[in-house]
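Novice: So the protein sequences, as listed, match chains A and B.
The opening position of the first sequence corresponds to residue 1 in this note's numbering, with each subsequent residue numbered one higher.
The opening position of the second sequence corresponds to residue 1 in this note's numbering, with each subsequent residue numbered one higher.
Be a bit skeptical, because a hint or two may be false.
[Stated by the list, open to error] Pairs of lysine-lysine residues, derived as DSSO-like cross-links and limited to a Cα-Cα distance of at most 27 Å, are as follows:
1) K209/A x K398/B
2) K193/A x K209/A
3) K128/A x K398/B
4) K201/A x K458/B
5) K455/A x K458/B
6) K455/A x K398/B
It should be emphasised that the hints constitute simulated quantities derived from the structure, not laboratory data.
As the structure is a computational prediction, the values presented were derived from the model and not from experiment.
What follows is each chain in one-letter form.
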Amino acid sequence: GRMAAALLLLRLLLAAGPGPGRADAGRERRDALREELLLSPLPTGDVAATFQFRTRWDADLQRGAVSHYRLFPKALGRLVAALGVRELHLALTQGFWRTRYWGQPPLQAPAGAELWVWFQPTVTDVDKAWKELSNILSGIFCASLNFIDSTNTVIPTASFKPLGLANGTDHHLLRYAVLPREVVCTENLTPWKKLLPCGSKAGLAVLLKAERLFHSSYHSQAVHIRPICRDASCLAVSWELRQTLTVVFDFFSSGQGKKDWSLFKMFSRTLTDTCPLASQSKVYVDISPKNKEKELLEVSPPPTSVHEAVVQGDKKTYAVYDLLSPSLFNTSRSLNVQLKWKRPQDSSEMPIPTLHAQRYVGGYGLQTGQICTLIYNTHPYRAFPVILLETVPWYLRLYVHTLTIITKGKENKPSYIHYQPAQDRRRPHLLEMLIQLPANSVTKITIQFERALLKWTEYPPDPNHGFYVGSSVLSALVPSVTAMKDVDVEQSPLFTSLFPSSDGSSYFVRLYTEPLLVNLPTPDFSMPYNVICLTCTVVAVCYGSFYNLLTRTFHVEEPSRGGLAKRLANVIRKFRGVPPL
Amino acid sequence: QVQLVVPMTVVFGPGSVPGDLPKPLPFRDVQEMEISVNLRTSVKSRYEMRYRSTTGQEEAALAAATAREADAALHQLQDTTLGSLIMYVVPETSSLLPQGINVYVGKHRSALVRAGGSLAALQARLREVAQVMSFTASSIAAALSDRVPDGQLGPDARRNLKSSLGYEITFSLLNPDPKSHTVDWDIEGAVNRYVKPVLDKLSLVANFSVDSQILYYAVLGVTPRYDKESSSFLLSAHSLPHVINPVEARLGSSAASLYPVLNFLLYVPERSHSPLYIQDKDGAPVGTNAFHSPRWGGIMIYNVETPASPQASLPLHVDVDMPRVMEVFLAQLRLLFGLSREEVPPEFLLESPGNEGLADWELDHLLWAHTVENIATVSTTLTSLAQLLDKIGNIVIKDDVASEVYRAVASVQSAVTKLSLGHLHAAFQASKEAVTSSERAFFDPSLLHLLYFPDDQKFAIYIPLFLPMAVPILLSLAKIVRETRLRKKEPTKMD
């Protein structure tokens, strides 16, 4: 049964394709922009705001020498065309999404920078294209993506499948890299905003004020480019660019301890007009009732409509504000969505997500250690498999024979293991496993490692801070508690269409664990200079005395007048009348 | 010293042979000219002229009714290579050339010249034609503008684009006010119709790639002045330099290639700022409503006609008149490549290049300038590389870098030889290879200056060793000096 489920998962991941595209209803334009904002209050009292700007272009980027861009940014279009990119996913994240407390996010990203790219089969030298691509992206987004090299690039075999249109999944065309140390800040946001057709001048992007966005507990911005079907018949390709931005505002620091939120409180701006280029511009507020109780949350002004959908196994109710509907801005000049709780929320009833994970470093001392990963399946009665991808830098030498997977006190044998050992200074460890998680269980995965000694030039600045190990990636088809309808993905809000929903009974989840911070034996970096100084001084002193000894001339000196004793003796001799000495 | 040799054929039509020919036709002659760039650099130009009389076919062609027809007919008979010129001398009374016009330059590499009495007068005229069709002192100086001392160059000399292996041309439509205007332009059609033929012709010179984009909410950095009289907005000439910078941030860099970018911007002013006109230095409105920025590109302001009824619903739909826009952009493109036709004497008539946008001799003009510039660039690059090696003695030169340097030197030498033989195309190709090789050698990551530890820092680290060691040595030296002085004194004491 486990094997069959594993195969099913693999096959589903392989078959991950996009939903049918929206047929262009006789419009002249070949490109369209849709913008969405989802406000979801989190169980802890924080609030998550997720922006999504979707640019769709009914043209084949890969063909044609002359390219003419309208809404699609030229910089990215050129890149896709020049380097033979089939799919590109870049995420820059500051902070860590706490799945256990915040629930499943609309889109996950690991802390730091994550880049994964599928190349076209026509690309002959994938490594060269990958290197070039990361350098160019580093220039476009002002991020240190140029530090992506063979020591942090891996080729996962099962975890990352094309999310767009693809006719082959030869994983040699895939490259994946994470830079957990990357710090995301304003300089990354500005170029990201510049890619939007309306910039930050109109529409939802007005809210993207760096000062507020980075005064938050989580900030993640991403760019996804993928080819999709132009229409239901899927005879032609369209290109889709999704720019997403997720930010979590802390209820203590941003909300002054109150759980009542408003657009102005979050962004210190309100919405005043729409982007004239957008064909859709909507604000969604998650007002799903919890625990069958009705209407905990009150939103004002009254929404244009209410939308119900099943997202990630949960029935969700959204209050929708359509910025393009003329009635919205008629009554007041600006839109400031406000969320009020009708009665205090009981925080003890926090729903626990079906799948969540935790990771930490164990062991003591500076020689060996242990990476422990805990994966929780809280589903009351269904087991499901999960693919775990672990990328560990070469300077932590993993011992695969120490790999243990224990569930409910028993050993759990993975049904698929792909392990690629590291090579010093060449490539990292890659460990991919397909593990079956029994219902209502905790699975503990441990593996021991030895810390390597680095050459003194290989240490980064501030080496005593520690070395980061990127998040491990969990991909799973999680069985849903509520049955899902086969909805029209293009019509449903936000992210349901980026990841494929396979059938009604389960949904796809990708989770990232915490990045790890590992201390390596670090030398005293001022030591070489101290040693030079000390040795030099010792050598100099020895040399000085030796030199003195060699060059000093000794000669006998006739005492001219003699000492005190002699003078005294002479005085006595004078008295005695004896000639002096 | 670089010598530019232009093979030239002078063909005398019937009745145009001057009386004072030194020798009977055909014969050869050479004219030399020295173009000095700065005190040390000068370029020698050499026109190798071959005089002959017309063949029967040429005679028939010259009997055409108009100069254009004659040029087209003569082109069939020519077998011209790049850089060579053919001049047909027609009698003084010929009706082929219009009144007051003495020289007609065709679409290809030939010209019709009216005979001017004596041979000396004719030769002066021929020299003028040859310079227009190949290179002038100023075009060579512009190509070598890095070496020309400041102040000696005209204001236009630094306008021309630097020679490069490729160029990227980007047309951008700036719509700062998408709420009021929805602007559509058929850029794809316009590029195919107007730009493609020119670039196909120029493909000999470099690789070109063309793309276009529409940028919304991109504003100029300058607030225009409102003029009550004309009820329009004005941008004065002195504020134009401030226009480009804020726009450039939105243009996006050409991340995918290293070639220089030529930007052509079409700006549709906001509704609250239209109509917008550019004023020249004297305050008169500029006819084309466009300006160019040297080595960068051009900007054209495209005013939207205000609708007759003020109640017209917004946004206003605008279809850009592409022929009008492309005319301006193509003129700017020619200008940026140094192909302006303004500096020609009034007695010259230049045939319009027609659909191709570029005459053959204009292509030669570009090739001459770029070849000279490439040779100069290579010599500068290799010189600075040599200077770097002189400065850092222990720098490591890898074999591939060395071979690139050797290749660059060999190519540049062959380019110079080819130039002095009059083989323009081969010389240009060799100079291009030389540039590629020399740049590759110069920008090799192993030659990074910072990779090498300067000697003074090494010395600083070893100061704790050198200083204490120096003390006894110096002391003993002082002692030796003292002792020798004493020893010298002693004999005098004995006396």
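Novice: Going straight from one Cα to the other, do K209/A and K398/B come out at no more than 27 Å?
Specialist: Given pair K209/A, K398/B is violated - Cα atoms ~50 Å apart, limit 27 Å.
Novice: Does the alpha-carbon distance linking K455/A and K458/B stay inside the 27 Å limit?
Specialist: holds (21 Å)
Novice: Does the alpha-carbon distance linking K455/A and K398/B stay inside the 27 Å limit?
Specialist: At roughly 25 Å apart (the allowed maximum being 27 Å), K398/B and K455/A satisfy the hint.
Novice: Is the hinted pair K128/A and K398/B satisfied, with a Cα-Cα distance of at most 27 Å?
Specialist: holds (22 Å)
Novice: CA of K193/A to CA of K209/A, is that 27 Å or under?
Specialist: Measuring from Cα to Cα gives roughly 10 Å; hence the hint holds.
Novice: So if I understand the rule, the pair passes when the alpha-carbon distance is 27 Å or less; does K201/A with K458/B pass?
Specialist: violated (55 Å)
When each numbered hint is compared with the structure, violations occur for hints 1, 4.
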